[in-house]
Each structure stands twice: as structure tokens, then as C-alpha cells.
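Visitor: Model the full structure from these sequences, guided by the hints.
Number of protein chains: 4
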Amino acid sequence: MDVFDRLKQAAVPEWQSYVDHAFVRQLGQGTLPEAAFRTYLVQDYLFLIQFARAWALAAYKSRTIADIRAAQMGLAAILDETELHVRLCARRGISRAELDAAPEHPATVAYTRFVLDCGAAGDLLDLQVALAPCVIGYAEIGNALAPDGVAALAEHPYRDWIAEYAGEAYQDVAAAARKQLDRLAARSMTEHRFGELAALFSKASQLEADFWQMGLEAAG
Amino acid sequence: MDVFDRLKQAAVPEWQSYVDHAFVRQLGQGTLPEAAFRTYLVQDYLFLIQFARAWALAAYKSRTIADIRAAQMGLAAILDETELHVRLCARRGISRAELDAAPEHPATVAYTRFVLDCGAAGDLLDLQVALAPCVIGYAEIGNALAPDGVAALAEHPYRDWIAEYAGEAYQDVAAAARKQLDRLAARSMTEHRFGELAALFSKASQLEADFWQMGLEAAG
Amino acid sequence: MDVFDRLKQAAVPEWQSYVDHAFVRQLGQGTLPEAAFRTYLVQDYLFLIQFARAWALAAYKSRTIADIRAAQMGLAAILDETELHVRLCARRGISRAELDAAPEHPATVAYTRFVLDCGAAGDLLDLQVALAPCVIGYAEIGNALAPDGVAALAEHPYRDWIAEYAGEAYQDVAAAARKQLDRLAARSMTEHRFGELAALFSKASQLEADFWQMGLEAAG
Amino acid sequence: MDVFDRLKQAAVPEWQSYVDHAFVRQLGQGTLPEAAFRTYLVQDYLFLIQFARAWALAAYKSRTIADIRAAQMGLAAILDETELHVRLCARRGISRAELDAAPEHPATVAYTRFVLDCGAAGDLLDLQVALAPCVIGYAEIGNALAPDGVAALAEHPYRDWIAEYAGEAYQDVAAAARKQLDRLAARSMTEHRFGELAALFSKASQLEADFWQMGLEAAG
Numbered sequence: 001m002d003v004f005d006r007l008k009q010a011a012v013p014e015w016q017s018y019v020d021h022a023f024v025r026q027l028g029q030g031t032l033p034e035a036a037f038r039t040y041l042v043q044d045y046l047f048l049i050q051f052a053r054a055w056a057l058a059a060y061k062s063r064t065i066a067d068i069r070a071a072q073m074g075l076a077a078i079l080d081e082t083e084l085h086v087r088l089c090a091r092r093g094i095s096r097a098e099l100d101a102a103p104e105h106p107a108t109v110a111y112t113r114f115v116l117d118c119g120a121a122g123d124l125l126d127l128q129v130a131l132a133p134c135v136i137g138y139a140e141i142g143n144a145l146a147p148d149g150v151a152a153l154a155e156h157p158y159r160d161w162i163a164e165y166a167g168e169a170y171q172d173v174a175a176a177a178r179k180q181l182d183r184l185a186a187r188s189m190t191e192h193r194f195g196e197l198a199a200l201f202s203k204a205s206q207l208e209a210d211f212w213q214m215g216l217e218a219a220g
Numbered sequence: 001m002d003v004f005d006r007l008k009q010a011a012v013p014e015w016q017s018y019v020d021h022a023f024v025r026q027l028g029q030g031t032l033p034e035a036a037f038r039t040y041l042v043q044d045y046l047f048l049i050q051f052a053r054a055w056a057l058a059a060y061k062s063r064t065i066a067d068i069r070a071a072q073m074g075l076a077a078i079l080d081e082t083e084l085h086v087r088l089c090a091r092r093g094i095s096r097a098e099l100d101a102a103p104e105h106p107a108t109v110a111y112t113r114f115v116l117d118c119g120a121a122g123d124l125l126d127l128q129v130a131l132a133p134c135v136i137g138y139a140e141i142g143n144a145l146a147p148d149g150v151a152a153l154a155e156h157p158y159r160d161w162i163a164e165y166a167g168e169a170y171q172d173v174a175a176a177a178r179k180q181l182d183r184l185a186a187r188s189m190t191e192h193r194f195g196e197l198a199a200l201f202s203k204a205s206q207l208e209a210d211f212w213q214m215g216l217e218a219a220g
Numbered sequence: 001m002d003v004f005d006r007l008k009q010a011a012v013p014e015w016q017s018y019v020d021h022a023f024v025r026q027l028g029q030g031t032l033p034e035a036a037f038r039t040y041l042v043q044d045y046l047f048l049i050q051f052a053r054a055w056a057l058a059a060y061k062s063r064t065i066a067d068i069r070a071a072q073m074g075l076a077a078i079l080d081e082t083e084l085h086v087r088l089c090a091r092r093g094i095s096r097a098e099l100d101a102a103p104e105h106p107a108t109v110a111y112t113r114f115v116l117d118c119g120a121a122g123d124l125l126d127l128q129v130a131l132a133p134c135v136i137g138y139a140e141i142g143n144a145l146a147p148d149g150v151a152a153l154a155e156h157p158y159r160d161w162i163a164e165y166a167g168e169a170y171q172d173v174a175a176a177a178r179k180q181l182d183r184l185a186a187r188s189m190t191e192h193r194f195g196e197l198a199a200l201f202s203k204a205s206q207l208e209a210d211f212w213q214m215g216l217e218a219a220g
Numbered sequence: 001m002d003v004f005d006r007l008k009q010a011a012v013p014e015w016q017s018y019v020d021h022a023f024v025r026q027l028g029q030g031t032l033p034e035a036a037f038r039t040y041l042v043q044d045y046l047f048l049i050q051f052a053r054a055w056a057l058a059a060y061k062s063r064t065i066a067d068i069r070a071a072q073m074g075l076a077a078i079l080d081e082t083e084l085h086v087r088l089c090a091r092r093g094i095s096r097a098e099l100d101a102a103p104e105h106p107a108t109v110a111y112t113r114f115v116l117d118c119g120a121a122g123d124l125l126d127l128q129v130a131l132a133p134c135v136i137g138y139a140e141i142g143n144a145l146a147p148d149g150v151a152a153l154a155e156h157p158y159r160d161w162i163a164e165y166a167g168e169a170y171q172d173v174a175a176a177a178r179k180q181l182d183r184l185a186a187r188s189m190t191e192h193r194f195g196e197l198a199a200l201f202s203k204a205s206q207l208e209a210d211f212w213q214m215g216l217e218a219a220g
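Chains R, U, F and G, in that order, are what the protein sequence lines are. The first sequence begins at 1 in the numbering used here and counts up by one. The second sequence begins at 1 in the numbering used here and counts up by one. The third sequence begins at 1 in the numbering used here and counts up by one. The fourth sequence begins at 1 in the numbering used here and counts up by one.
Mixed in with the good hints, there may be bad ones.
[To be verified] What follows is a list of derived Cβ distance ranges for each label pair:
no., chain 1, residue 1, chain 2, residue 2, range
1, R, Gln9, F, Lys179, 44 to 52 Å
2, R, Thr31, U, Ala102, 32 to 40 Å
3, R, Ala76, F, Ala144, 51 to 59 Å
What the hints contain is simulated information worked out from the structure, not anything from laboratory work. Given the structure is predicted, the values throughout are model-derived calculations rather than measurements. We put the CB at the ideal spot given by N, CA and C, even for glycine.
Guide: Next up, the structure:
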């Protein structure tokens, strides 16, 4: 059992409330109201800007060139993901100007600033644990929503989103993050500390669930 | 017009939504449900822990011994305020153990981590502007709720809370914070930057309003 | 053996080069040139300003009210120590204006910013380990230079300095720092991590030795 | 006159002590002892690791996607530069293992941690000003040492180093940094603040001069 599995096991209800949220289920079934998805997309763009900052923070907090490089790859991947987001939005008629002008929803503020503060106050391991529900969780969700592969999604209304996270490129990013978590834990995780990290992981999972909820509520 | 007045003027609707929130009005009229106040008190205790960290951040970001001392006094004042909080809570039957075990509400996370991140990413002026709705705003609210002085509150059910923020000691803290804001702005506020600071102040005021709202909803 | 003793044992040559530096020996024997001591005093004042920031950083990085309080007491103690320094300097004809105008020597920059960066990049334990050669080391040096107690120093030319660090108040500060180190290590020190902390402790001890050296060289 | 020129003008002696240091002159004339250059190269590799962290810090402290991207490009450029460094070193018989095992010299610690702390304590403008003597200064030095172009260097013993910094790619990096400085200053530089930034620039230039001096002394 790797560290990520241990963290999930220590936070089962919070983890389930996130990966099995009504938003996710409706997204998978294709029944999610378009208004919910649009609200989500716009906020997720704002979210990614803060997550880019979180990867930059990881690079800053690194002490070896290998750790700096790993974080720099995470940062570059996020910046690419924002471009993909801009295209997903454009296809739905949301312009870049609209994205840049959108105010951050409190749920976006809560999750992103929580992660950034975990990283600023703690060490690299705290930061990676706070990022994990997003970075690794999205890969699990992507996989769960494409049980027969991306090709089988055919006319699915949210095909592009699912394909992105179920796709090989993103799955590789998540696998790398998972290994980095194990490496960092091998260095500096005591059992006492595991308890603190699990609390942090649980909180981050809840804040992710709140983020889905924000989308659903927007569709009223 | 000092910097604080300029900031309020640049964010009138957000500022009003905060200082004139239904929670505040009901608190002043003594009609606020006890459950709302209790939820608020517990979350405000968790809030103060993060605000103590924000004052510590201000001391860390200072470059002169005078600025360090000013921030250290803010930090000491907050640590005293948490003790007062523990006593306010005890009188209402909320134990310290209960306070320490309470999970942070998303509204608490959003506001506190937003302020901490403003300070970590920006400079001392950014941090003080993000703190201002709380530090200076509570003094305005305290004054507004005790128009005839603290003595006139007599049997008011929330007398202790109002007296705290309308009292001279807290009014002095707020006045000092206001002057520090002017000093910092004299050093490093361009007109372009005023626009950024006003946006930050507006966001912080909204997050304060959300914090009151959380209290009200708890009494739902 | 507590964590501090383990760290010293892992960095014997660097530790000895610091606590047994010629500057320290001459200070103890009363043969240290006044010019060396004055240069040291002025730089130590600038050093303390940065160390106050380091304690503030420790408060910011704390997650519990107990840890915040411990760091705030460290910060308050340092601010008091700077006042003592101003008085020590005044007695030697160095004015506060002179202190504030003095440029930081590279040795001062190197040690103080190294400690601050350890804290910013790492966690609370990294920061306390980087502070330890100074905080705890000065108590050991003070004790070593007053083997028969402070009273026996009588006409010693550096009596006031030795008395300060051999005195009960400072010894208590150091003892508290030592216990805090053990508490933090119990929480989050793996054996792998001990190796990293020992490297950091060794570097900080060397930078302290360079700081004494700067004083000696000033005396030509 | 752009901001960089104003900074140089406000710190003429410190700037000259850096760009016209004996190390630089001997490097240009090809008379620099190989031992001095080797010591410099090894320390510069350690320096670049910390500078990569400084660019990551700039990305973390950014608020717009444009600023994050600019900093991310700086970070990527530095990581490339470290690879070039490894190759320069390999040609001189210094292995990567030797580089990674080398202890940081106090002059390396002083300059790099000073820059990182300027960035952590201040804002993006403080950080870019502290980085400027290195980022932009090396382009000026490269140009000055190749007055007739890189091709004319022919058999110059330090041809590869000079060609790197006089080359178009590096000159473009420096030009971009210069423009970013102007953009940041337009946003948030008051005249009062210019004085603080000039002091910071002057200190950073001195620490760069100390870095050359360390190389020379190694050849002692």
C-alpha cells in the first residue's frame, strides 16, 4: 500500500464525498446541467492559476536539483492545462476575457489558499499531500468515468473533459505525483506525522467536494 | 481622507454587506439566535489562531525593528484576544477542548488563508490591507453597536462581545493599525497599486460577510 | 541524549570551531581587542533584527496555539535582547543611530539569511535546528566562560556580556529551546531526516564561527 | 533611462566593484588562474540551484498568469544553464558528483540567501531587483568581454564562458528581465521605494563582487 492509498484509507468518508459527488456522477452519466459545468470550468481556470503557484512553491521549497526539476515539470504541466481549459471554454462560448474577469468563488478561494498555506507553513511533503486529492484524484475520477476507454465515450457530452483526465498524459502526471509522495514520505514521514498528513488530506478532500457542490448549486 | 477611508469608498457594496450584515444587526438588537452566536464564537477562535499567524507573518516580512515591534504587538494582542475568547466561550458552556476539536468551516478557511496568502505573495502593505476589514472593521462595528457607550448596554445579551470591540483598548489597536496603513502606503503605494489593494480589500470584506453568513445559517 | 546532543555529536569539528573559536577564548580571558568586540557588537545588533524575523517566521509556520505562543515568547525575548544590546553598545560609546546606520557584514548576511531560508523552505524543525547553534550555543558559551559563576567575574572587561548569557534568564531560554527541539523531533524526525538536520546544524555552526572570525579580523 | 540604469546610477561604486572586478578583468584578458575559474565554476553551480529556487519564488509570488509564465521561463532557463555548467565543468575534469558534493562557500550562501530572503520578505519587485545584478549584469559583462563579437575570441581560454553570456540567447534573457523590471516598477514603485530598491541593488552588487573575490582567493 503506497502513501496515497494509506491517506485515502484514513479519510474514507471525505474521500468518497469528493470522488463520488453528485457532480461527478452526473458528469459521468452526461446528465450534468450545462450551467453547472460552465460554472465549474470558469472557476477551475481560476483554480489552476493558484495551483500553478503551488507547484512554483514546491520548486522554491526544494533543496535538490532533482526536486526542483520535478516541481518545474508540474508547473509546466499546469500551465499547459490552463491552455487546454481556455480551449474547452472557447468551445462552450466562454472567452478568455470572461475567464480573466470572473471573480473567484469562496469555494475556489478556500481550497486553493488552503493548499498554498499548507505549503508555505509546512514542508514539501505537506504541500504534496494537500495537492494530492486534486492531482491524483482527477486521474482516478477520469478513469472511473471512462471504464471502457476514451474511445467508447463517442458522443458523450463531456467527452473532452473525461478524455483529458482519463488520457495517458494525465495518468502519467498522476503516477509521477504518487511516486514523489512515496519518496518524500520515505525521507520524512514518522507515524505521528502520518496522522497530521491524513488530517490535511481529509480537509483538502472536503474542500474539493465543496468545489463540485459550488458547480451544482450554480445550476440551481 | 486616510487610506482606510479610501479603501472603503472604493468597495462600498462589499463593505456594507459586511458591516451591515443581518448577523451584525441582530447582534446589535440582541435578537441574534444563541446558536448563531455560538457557531460564530467557535469559528472565530479558530480564525484568531490563523490571524495570530498573519501578524507573525507581518513581523517576518518587516525590515526595521520598528515594524517588527509593531507587528509583535499585534501578535501579542491577538494571543490575548484568544484568551478572552476562551472565557467568552466558557461562560456559554463551550470548553477549550471543544474549541480545539472543532473543525474549521470553509468560510473560516477561505478568509484566513486568503489573508495569509496575500501576505505571503505580496508585501507588508498587501498583508495589512487584507487584515484591515477585520482589525479596523471590528472597531467600527463595536462603535456602531454601542452608540451610547458600553455602560448603556446594561442587560444586552451580547454585552461582553460589544464591550470588547467598543472598548478603548481595542479602539486603540484599530487606530494604530490605521496609522500603520498610512505609513506603509506613504512608502510604497502608487495609484496603480491602489487599484490592486482596493480589489484585495473588497474581496476580504466579502469573505468577512460570508463569515457572518455562516453564523446565521448555523442557526438555520 | 537529547536531539541537541545528537546534533553536536554529528558535527564535532564544526561545533568545536564555533564554541572554541579564538574570539571566544580571548573573550573569556579578557584579552580580546576592544575593536574586535565592538565590531562584533554592532554586527550582532543587526543579526538580532534578522533573528527576531526568524522567530516571527517560527510563529507563522506554527499550527497550534501552543507553538505560536512558544515562538512569540522567543520573539519577545529577542526584542528585549536587542534593547540590552543597545545599552551594552551605549556604554562603549556606540549610539543607536550608529547601530542603525551600520551596513551588514557578509558574514552577518550569510548566517542570518541561511537560517531564514532554512525556515522558509523547510518546516518548523528545520528552522529550530538552524537557530540552535545560536540560541542554545550562546548559553553553553556563557556557562563555559563563567565556570565559577557570574559573581566571580568581578572586574572582567567583558563581564556584562558573559553575565548576560551565563545568567539564569538566558539559560532558561536555551533550556526551553532545547525541549522544543525534542518535541518537534518526536513529531517529525525520521532517521533519514536526522542526517539532513545534522548537515544543516553543521553549516549553521560554521557560519557562526565565520561570524566570530569577522570580529577578530576587524581588529587587524 | 530605464529602472535598471537608474539603479546602477544610484550604486556606482558597488556596481563598478562588481562588473570591473579583478576576476572579470583577468577573465577577459585570459590571465585568470585556472584554479580561480574552477572554484568559481563549482560555486556558480551551487549558486544556480538557489537561483532556480528564486525564479520559482517569483512564480509563486505572481498574481497573474502572465507573471507566472514569465517566471516559469526564467526558471526553465536557469535549469538549462545548470546543464551547460555541468558540461563546462566536465570539459575541465570536474564531474557532476564532485559538483553535487561541494560545500557552499560563505560568499555563495550570503548572496543567494540574501536574494531569496529579499523575495520572501518583499514583493516581486524586490525580488527582481535583487536578481538583477546577476541576471542583467552577466549580460553586460559578457558583452564587455567580447567587444568584437564571440567569433573574435578564437583561442581565448575562457571562450566558452564568455560566448555563453555574450551570446544572443542570454542577451535576450537579460533584455526580458530588464523589461519586466520596468513593468513591475510602473505598477508599484514610488520614489520613496526607489531608495529602498537602490539600497538592495547596491547590497546585491557588493555580494556579487565578494563572489568573484572568493574565486580569486582560491587561487591565492
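Visitor: Would you mind marking each hint as holding or not holding in the structure?
Guide: Tested hints:
1. R/Gln9 with F/Lys179: 44 to 52 Å: violated (34 Å)
2. R/Thr31 with U/Ala102: 32 to 40 Å: Once the Cβ atoms are compared, 37 Å apart, the range 32 to 40 Å for U/Ala102 and R/Thr31 holds.
3. R/Ala76 with F/Ala144: 51 to 59 Å: About 53 Å separates the Cβ atoms of R/Ala76 and F/Ala144, which means 51 to 59 Å holds.
Checked against the numbered hints given earlier, the structure breaks only hint 1 and satisfies all the rest.
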